[in-house]
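Colleague: Residue numbers (my numbering), protein chains in the order written: chain A, 196 to 558; chain B, 231 to 748.
These aren't lab readings, by the way, just hints derived from the structure by calculation.
Computed from a prediction, not measured in an experiment: that's the story for all the values here.
Treat the hints with caution; some may be incorrect.
In silico lysine-lysine, DSS-like type, Cα no more than 25 Å apart, as pairs [unchecked claim]:
no.	chain 1	residue 1	chain 2	residue 2
1	B	Lys675	B	Lys652
2	A	Lys303	B	Lys737
3	B	Lys730	B	Lys740
4	B	Lys444	A	Lys273
5	B	Lys482	B	Lys361
6	B	Lys743	A	Lys311
7	B	Lys444	A	Lys303
8	A	Lys303	B	Lys429
9	B	Lys652	A	Lys303
10	A	Lys266	A	Lys318
Next come the chains, spelled out residue by residue.
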Amino acid sequence: MIEIKHLKKEYETVTPLKDINAVVNKGDVISIIGPSGTGKSTFLRCINQLESPSGGDVYFNGELITAKNCKINKVRQKMGMVFQSFNLFNHLTIIENVMYGQVELLGKSRQEAYDKSMQLLHKVGLADKALNYPEELSGGQKQRAAIARTLAMDPEVILFDEPTSALDPTMVGEVQAIIRELAREGITMMIVTHEMKFAREISNRVFYMDEGLIYEEGSPEEIFDHPKKENTIKFIRRIKVYEGEITSPNFDFIAIASDINEFGFRNQIPLNTVAHINTMFEELCMQILLPKLGEHPHIKFTAEYSESTGKTEIILKYNGEAFNIEDSDNELSLMLIKGLTEDFEYEFTGENDFANLLTLHIK
Amino acid sequence: MKRNKKPLKILIIVATLLMMFYACIGTVFASTNEAKPLYNTLDQLVGKRIAYKIGGAHADTIMKHKYFKGTDTNMLSYQTESDCIIALESNKVDGFCTDLPVAQLCVNSDENLAIVPEYFQDEQYAYVFAKGSELEEPFNKAMAELKEEGAFERLQDIWMGSDESKKVLPEQDWDCSKGTLHYWVDNAMPPASYVKDGKLVGYEVNLVYLVAEKMHYAVEITGAQFGALIPAVSSGKADLCSGCITITDERKKSVDFSLPNYDAALVLVVLNDKAGTSDVGFFQSMEDSFNKTFLVEDRWELFVDGIGLTLLITIFAVIFGSLLGFGIYMLYRRNNRIINGATNIVMEILSKTPAVVLLMVFFYIIFKDSNLSGPWIAIITFSFTFGANVFSLLQVGVGAVDSGQMEGALALGFTKFQSFFKIVLPQAITHIMPTYNNEIVNLLKGTAVVGYIAVSDLTKVSDIVRSRTYEAFFPLIATALIYILLAWILIVITKAFARKIDTKFRKKEKILKGVNHD
Numbered sequence: 196m197i198e199i200k201h202l203k204k205e206y207e208t209v210t211p212l213k214d215i216n217a218v219v220n221k222g223d224v225i226s227i228i229g230p231s232g233t234g235k236s237t238f239l240r241c242i243n244q245l246e247s248p249s250g251g252d253v254y255f256n257g258e259l260i261t262a263k264n265c266k267i268n269k270v271r272q273k274m275g276m277v278f279q280s281f282n283l284f285n286h287l288t289i290i291e292n293v294m295y296g297q298v299e300l301l302g303k304s305r306q307e308a309y310d311k312s313m314q315l316l317h318k319v320g321l322a323d324k325a326l327n328y329p330e331e332l333s334g335g336q337k338q339r340a341a342i343a344r345t346l347a348m349d350p351e352v353i354l355f356d357e358p359t360s361a362l363d364p365t366m367v368g369e370v371q372a373i374i375r376e377l378a379r380e381g382i383t384m385m386i387v388t389h390e391m392k393f394a395r396e397i398s399n400r401v402f403y404m405d406e407g408l409i410y411e412e413g414s415p416e417e418i419f420d421h422p423k424k425e426n427t428i429k430f431i432r433r434i435k436v437y438e439g440e441i442t443s444p445n446f447d448f449i450a451i452a453s454d455i456n457e458f459g460f461r462n463q464i465p466l467n468t469v470a471h472i473n474t475m476f477e478e479l480c481m482q483i484l485l486p487k488l489g490e491h492p493h494i495k496f497t498a499e500y501s502e503s504t505g506k507t508e509i510i511l512k513y514n515g516e517a518f519n520i521e522d523s524d525n526e527l528s529l530m531l532i533k534g535l536t537e538d539f540e541y542e543f544t545g546e547n548d549f550a551n552l553l554t555l556h557i558k
Numbered sequence: 231m232k233r234n235k236k237p238l239k240i241l242i243i244v245a246t247l248l249m250m251f252y253a254c255i256g257t258v259f260a261s262t263n264e265a266k267p268l269y270n271t272l273d274q275l276v277g278k279r280i281a282y283k284i285g286g287a288h289a290d291t292i293m294k295h296k297y298f299k300g301t302d303t304n305m306l307s308y309q310t311e312s313d314c315i316i317a318l319e320s321n322k323v324d325g326f327c328t329d330l331p332v333a334q335l336c337v338n339s340d341e342n343l344a345i346v347p348e349y350f351q352d353e354q355y356a357y358v359f360a361k362g363s364e365l366e367e368p369f370n371k372a373m374a375e376l377k378e379e380g381a382f383e384r385l386q387d388i389w390m391g392s393d394e395s396k397k398v399l400p401e402q403d404w405d406c407s408k409g410t411l412h413y414w415v416d417n418a419m420p421p422a423s424y425v426k427d428g429k430l431v432g433y434e435v436n437l438v439y440l441v442a443e444k445m446h447y448a449v450e451i452t453g454a455q456f457g458a459l460i461p462a463v464s465s466g467k468a469d470l471c472s473g474c475i476t477i478t479d480e481r482k483k484s485v486d487f488s489l490p491n492y493d494a495a496l497v498l499v500v501l502n503d504k505a506g507t508s509d510v511g512f513f514q515s516m517e518d519s520f521n522k523t524f525l526v527e528d529r530w531e532l533f534v535d536g537i538g539l540t541l542l543i544t545i546f547a548v549i550f551g552s553l554l555g556f557g558i559y560m561l562y563r564r565n566n567r568i569i570n571g572a573t574n575i576v577m578e579i580l581s582k583t584p585a586v587v588l589l590m591v592f593f594y595i596i597f598k599d600s601n602l603s604g605p606w607i608a609i610i611t612f613s614f615t616f617g618a619n620v621f622s623l624l625q626v627g628v629g630a631v632d633s634g635q636m637e638g639a640l641a642l643g644f645t646k647f648q649s650f651f652k653i654v655l656p657q658a659i660t661h662i663m664p665t666y667n668n669e670i671v672n673l674l675k676g677t678a679v680v681g682y683i684a685v686s687d688l689t690k691v692s693d694i695v696r697s698r699t700y701e702a703f704f705p706l707i708a709t710a711l712i713y714i715l716l717a718w719i720l721i722v723i724t725k726a727f728a729r730k731i732d733t734k735f736r737k738k739e740k741i742l743k744g745v746n747h748d
């Protein structure tokens, strides 16, 4: 039904979509997941051309809709979209919002449009709000009305752009229930979402997007239970990664410490865990490694926190000759480190930049 | 119904203010005989405050006078003679200088005033032509003949006398085969030129008629304020002008003068010793003022015409300005760099230039050679300023509509054009309607400056009337009341309109029109 070939989207400073290839079949319910800022919404908006792609082709029922002479507005009538921010027409009542496209675009009579709209409003549970204005509705109600508005056009496919992200947690369920119902009816859908449970439950295919690509694709079982590729695994296990690098003995210690705090705050990592990461950084890098590495240190400090297990792993790569921290004479620091870790492994890899590799698991 | 009470309240408040004004100043109008001026010689006024009418040469003349030269006498400029009188009566100045015939009329119609018996200098008035005008020579020839025939004295007797019935102009039924004289006069300078029974009359006007008859020309007369006369001649809008214009060396540098039409003197008008001792009652003086302002010479007709012009300019400027602003905004939306650059520059100019300056630029420079009448040029000018306002209102209004509205419409399958007109614009208009309505009222008030280009709108009419009645309080307050009333009517209309187009005020039946919903 939809075929996407080498889709590319570039902005001046970033390239959210590098090379996207995908085929959407009739009846597919596809969830698109991935970290923030990986172009999931951009991908969706490039399909119905709310964003014009920088390159590549999109076919809809065999028609090249990225072509210049394509009447994209006609295509959009068959390709509905539900937005994160609802985008109901604020100056019209709910019933008019649902009727408007039918009357103005499909040329239906007002009566016909009204009857269909009321039927749809019943379906999404908003029949009694028909004469209210959008501002008088809760977020969940607005999104249900927006879904009814999209359905009124009898689209062949519906694109959902994070339909529940702007909602209070209490209202997520009512909107998900409607979408679930639509999935059951066999409507073709593509859904960008952060709700993993929901994605797993309703979709027959999952796209994991990262690095400007559809990084990994598969059935919900494949993606959620047996992810194959590194980033997918990190994402599914909900692993948050912090990376810091030291290239001079006089590096900005305060900045790195505050970066670690910021990283913890952003990912809602428990405070004592953040404190441990900080201590590890200070003891490992400042107390033990830096005095050892002399004028030209090169240390890469990586902390990986797993949301699902609550565990933190610290990976330390550094230059210089083989050196295991256990050989350090700084016994106080060593004691502190050992007190905080379950275990640690040292390996001399002999790689060019970082010959030493140290992995620690924080308790 | 509740909303209608507010303007009424304002009316009452203003009317009360008016009464209080009169309670204070009612006593100023005195009626006594044998009053003497407070000052008897010119040197008594050295170092005092002296008013003069703007655009004249009087201030220069006084400051060059032997008594006043090098002193710190404070010369204050006012728009009209009646403003000078009010300044004098409210003790803002100690005297004002004017030409002898004007002074005599002032003293005759206001019992508080007197002329200082010592005069400044003899001076001569003349008609003004553009430098090197071809009309000058035949005009002067005809004038010389008329002087010979004693026409000057005859006209002076008529126009400076007290018999109002004689003060009429002849019909232009002579041979006009040579063409038309475009003649501009000060419309508030009795007895030389002023409005009587709705027409421009006066000594200098009458004299021009006689000259034109001898020259076989028709006369087309335009009334303006003093400051606009010489620019009109210089820019070619007028062939000649007059308004008690004194022949001075400085003026001779830029324009030509005809033979003198009157030998006058510059005098100082001051209060007399009986000023402020009136016993006329408050209501009596109100009634007198009302009669003088509205009823005498059917002056209410002038006011009706003035209101008509003010409304005409306002309404047409609103219509044209809205279309213009909208059109430019639509062009602007195409994001063409050249068009938008040009638009930005024009908007910058329009929004940062005072309306009155713009008006004169249009009148004297841009439309210098066109035959468009003053009101049309006023409409064009205010259409531009209003258009600029509408343009920026639209920018703000459309900007205030969430971009999601556009996307929502596009995603449903509307074209960009449909999305803008059907979804975004209606919401933007609702946003900007209150400000738009304010702008209309501002425009109504703003048109008060059209007097600068010889359009007799409401404000100018009140100037003209004040120049005849030599009183300010009543005509000014009356004019203010009329403006308030007009603004109030406009507000009622525009608010009703705003309500009508606001979709949120619709009834259920309207929303579900054409649908059986049971």
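Colleague: Does each hint fit the structure? Answer for all of them.
Modeller: Each hint, compared with the structure:
no.	hint	in the structure
1	B:Lys675 x B:Lys652	34 Å, violated
2	A:Lys303 x B:Lys737	23 Å, holds
3	B:Lys730 x B:Lys740	12 Å, holds
4	B:Lys444 x A:Lys273	86 Å, violated
5	B:Lys482 x B:Lys361	9 Å, holds
6	B:Lys743 x A:Lys311	16 Å, holds
7	B:Lys444 x A:Lys303	80 Å, violated
8	A:Lys303 x B:Lys429	65 Å, violated
9	B:Lys652 x A:Lys303	17 Å, holds
10	A:Lys266 x A:Lys318	32 Å, violated
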